[in-house]
Each structure stands twice: as structure tokens, then as C-alpha cells.
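Student: Going down the list, the sequences are from chains F and L.
Using the working numbering, the letters of the first sequence correspond one by one to residues 1 to 102.
Using the working numbering, the letters of the second sequence correspond one by one to residues 1 to 356.
Honestly, the hints are just simulated from the structure, not real lab data.
A quick note: this is a predicted structure, and the numbers were derived from the prediction, not measured.
Among the clues, some could well be false.
Unchecked claim - Here are some, though not all, of the chain L residues that point toward chain F, as calculated from beta-carbon distances under 8 Å:
#, residue
1, F123
2, Y127
3, D143
4, R144
5, F263
To be verified - Covered stretches of chain F, going by a simulated chain L footprint (3 or more residues, C-beta under 8 Å):
#, region
6, 56–64
7, 79–90
Every residue, glycine too, gets a C-beta built ideally from N, C-alpha and C.
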Amino acid sequence: MRVDPEFLAQVRMAGDFDARLCMNCGTCTALCPLGVELLPRHLFRYALLGNREKVLGSAETIFSCLLCRMCEANCPAGVHIAENVRALRTVVNREVHGLAEA
Amino acid sequence: MPVPIASTLGILGDNLRKRRSALPLGRRKVTAWTRGLDLPRGGTTVLYTGQMWQMVPAINAMSRQLGRYEKRDSSRLFGFARSMNRLVNLTPFLARTTPGERRAYDERLRNIARLLRAAGVEFGYLYEKDLYTGALAYDEGLDRVFTEHAQFVYRTLKEAGVKRLITVDPHTTNMLRSVYPKVVPGYDLKVQSYLEVLAERKLAPLAKLGETVALHDSCVYARYEGVLEPPRELLAAGGVTLAQPELSGKLTFCCGGPLETLFPGKSSEIARRRVEQLSAGSPNIVTACPLCLANLSRAAPPGVEVRDISEYLSRAYLPGGSVPPLARHEPGPVDRGTPGPPHAAPGDRIGQVVAP
Chain F
1 MRVDPEFLAQ
11 VRMAGDFDAR
21 LCMNCGTCTA
31 LCPLGVELLP
41 RHLFRYALLG
51 NREKVLGSAE
61 TIFSCLLCRM
71 CEANCPAGVH
81 IAENVRALRT
91 VVNREVHGLA
101 EA
Chain L
1 MPVPIASTLG
11 ILGDNLRKRR
21 SALPLGRRKV
31 TAWTRGLDLP
41 RGGTTVLYTG
51 QMWQMVPAIN
61 AMSRQLGRYE
71 KRDSSRLFGF
81 ARSMNRLVNL
91 TPFLARTTPG
101 ERRAYDERLR
111 NIARLLRAAG
121 VEFGYLYEKD
131 LYTGALAYDE
141 GLDRVFTEHA
151 QFVYRTLKEA
161 GVKRLITVDP
171 HTTNMLRSVY
181 PKVVPGYDLK
191 VQSYLEVLAE
201 RKLAPLAKLG
211 ETVALHDSCV
221 YARYEGVLEP
231 PRELLAAGGV
241 TLAQPELSGK
251 LTFCCGGPLE
261 TLFPGKSSEI
271 ARRRVEQLSA
281 GSPNIVTACP
291 LCLANLSRAA
301 PPGVEVRDIS
311 EYLSRAYLPG
321 GSVPPLARHE
331 PGPVDRGTPG
341 PPHAAPGDRI
351 GQVVAP
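Using the sequences plus the hints, can you model the full thing?
Tutor: Have a look at this one:
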């Protein structure tokens, strides 16, 4: 796994990304209506580690989140999950989708 | 495989920047609902639709189209569509709507305006300045274009002298109340949903309906904006009993609507699951969001009816308030697997849910 320390800084700047309180309990994944294993905790772990390829390679998963906040309402660590996913979308839009102007 | 994400979001961003809407409808379609209501122009308190109800027929039409492109590689076609759309607004061609469908959704807005009047609320309307808030662009992470748009909307509202907004759907409420203050410096507008306004005014019912329904809380009202009690209080006072599924209130389950554009297949699968949960309580499902209404209606099997809360409130709180039911969704050329025939005979298989 390649780790890029600048990537997390880039993600943080993109929006209000903060998943440091996540303790990886998996409540979010269990409750997600989509049932995608990557959503949201694995994704956040990759972002926190600065794994640029893994995050940018997960565009489809990042855009399939409903932003319904079912996970967030039940997160024992109080992570603002939907806002984090939205922040990752802005990064993907710029880096993968060629929507820098957007 | 989803609908091509980059081009679709590109079109959304272009539309918002250039035409100030996700699906630019044209002035007539935005304001047609006001006909005969004599709503004063402007004022300090305005009813603000953000064009959400007016957009739903176009969203329905668009999603019928998009369903075709989900299962094959359409990235070149969508790239071409984006280039074309920069020159010509493609929305009227790609999202063809019928006058009947538009009237049905407009009728919900008319009822809401009548309810506010009955509650003694004085309000105006901004007509062509009743702009879309940019909610979809925000959700999809198009922050630059969204922020620019939000500031434009705010300037428009300030120039019109608006101080207080009464919103009619959860997404517009959330944008104007909770998101705009983060991206618009000095934002100072007071925003309330019409459900909050009606509950606050304690409008007296004219009839007790004596019906049982399953209320579907929208994720945005329930978990973003904390609007949980007003719909319950208003329905209860109007003689409507709630038969709630396990997942309701703060723990409500999404209607699938947010995925309608990029992942139509997943969206309808989630809608089917939600309809199943709700109809276990009652075959009469009530929503308070135009997008939930559209998405759940499409997934409802025969015998299950999905209606907007304003229909119940009109019957309970307005004189002669009976309103025609919303026409059921006509499946387009691509039917994404709604079980059963699209038209249900009244009373047909009440309470039964066809498993997907």
C-alpha cells in the first residue's frame, strides 16, 4: 500500500473532512442501506492513511452513498459521516472527473 | 455500472452556472401553480419552493431516460450530451413532461399555499425569482459552482427585501437554513418549513379524517433538520392515526431518491424495500418530500398508495378540501421492474405487498 502524506491534507482542505474519531466499530457499515463494505469506514481509513489510489479508485462507491445519515445517527464516536463523504466527492470531482471548475 | 458520473455531474454544474437550475424548466413551468391564487409579488415573508415540486415531473421523465444507460458504457454519448447542453438547454428535450403530470404536482403547492392562508399567514411569492437552491450540486460535491450559486440566490433574496422564508420541501429547507449560512457571509434569513409554521399556528381542523397511515419521514427533515413532530401533530389533530414501521422518526430508512440520477437500479431497489417496510404498517403511505413521493410512488405495488401529507392536511383543514389523487406513475419505455401492473383498481389487494 502506498501512503501519500499530502493526500490527507488535500482531503481536509477540500471540505470538512474529519474521521479521526472513527474507531472502526462497523456500526455504520452494518446499518447502511446499500450494504457496501467499503462504506464508509474502510474508505475513511484509506483517506486517513493517505492512500490516494484506493480513495480515488473508489469513485463509484463514494458517489453511491445516499447521504441519508442512518450511519451518522447511530455512530458511537459522533463522526460527521455524510459531510466526510461529501468532502471526498469534491476531491474525486477534481482529481478523477476533471471537474476542477465545478 | 452507473450512469456516466463525470459527464452527468458536468451537465449539472453547467446548468447551475449557466441557467441557475439543475433541470432548467423555464419561467412558465415554475410559476404555473400560482394561477388564480393571486399571490402578492415579494414581501418580507415569502413562500419559497426552490422549484423542487415543479421539477419532479422532469426528474421522473429524466430518470426514465437514464435507466437505459445504466447497464452499458455510455460515457462517449454523455460527453457529447454535455457539449451540446452547453449550447442548448437539453432539459426540455430529454425530460418531456405531460401537462397532467405537472398539474398534479402543482396542485400540492396550491394546497400548501391555501393551508398557509387558512392559518392566517401573510406571505408573498417571488415568481421568476423563486430559484432552485442548488441542493443536488452541493450533495454531489460540486462546491465551487454551488457556493457561487448560493451567493447569487442570497443576493436575489436580499434585493427583493425578503426576511423570512417558508419552505415546502426538506431539501430547500436544509439548504436555506443550515447550508447557506456556511457558504454565504452575513446570511441572516429566517427559514421555516410550512409544516413547522402550520403546527406553530395550531390551525384548527374542519374534519377528523379517521384514517390510518404509515408516515415516511424524509431523511433530511428527520436527521438533518429535526422536523419530526410537526407532521405528526398536524396529522393527529386532523384525525389521522399513525401505524409506524420500526424504522421511523430519527431512524427513518431512505427512499432511495438520492441515487435516482446516477444509480437508478439501486435507487429503485431501496425504494422497494422502504415501501415494503411502510406498507407493513398501512397501505396508505404519507410522505413530506416531493422526491420521496416520486420515488416511493414508483415502487408501490397495486393496493399501496403513496400520497403527500398536504393532501391529508387539505382534506382535514380546508373547506371542501378533497383533492384529486396524484396520477400514478406511468412507466416509460424502460420499466425498472416495478412489480405488478401500474394501475390498481381501488381497494384491490389492500394491505398486500408483492415481494420484489
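Student: Hint numbers the structure violates, sorted upward?
Tutor: Structure breaks hints 1, 2.
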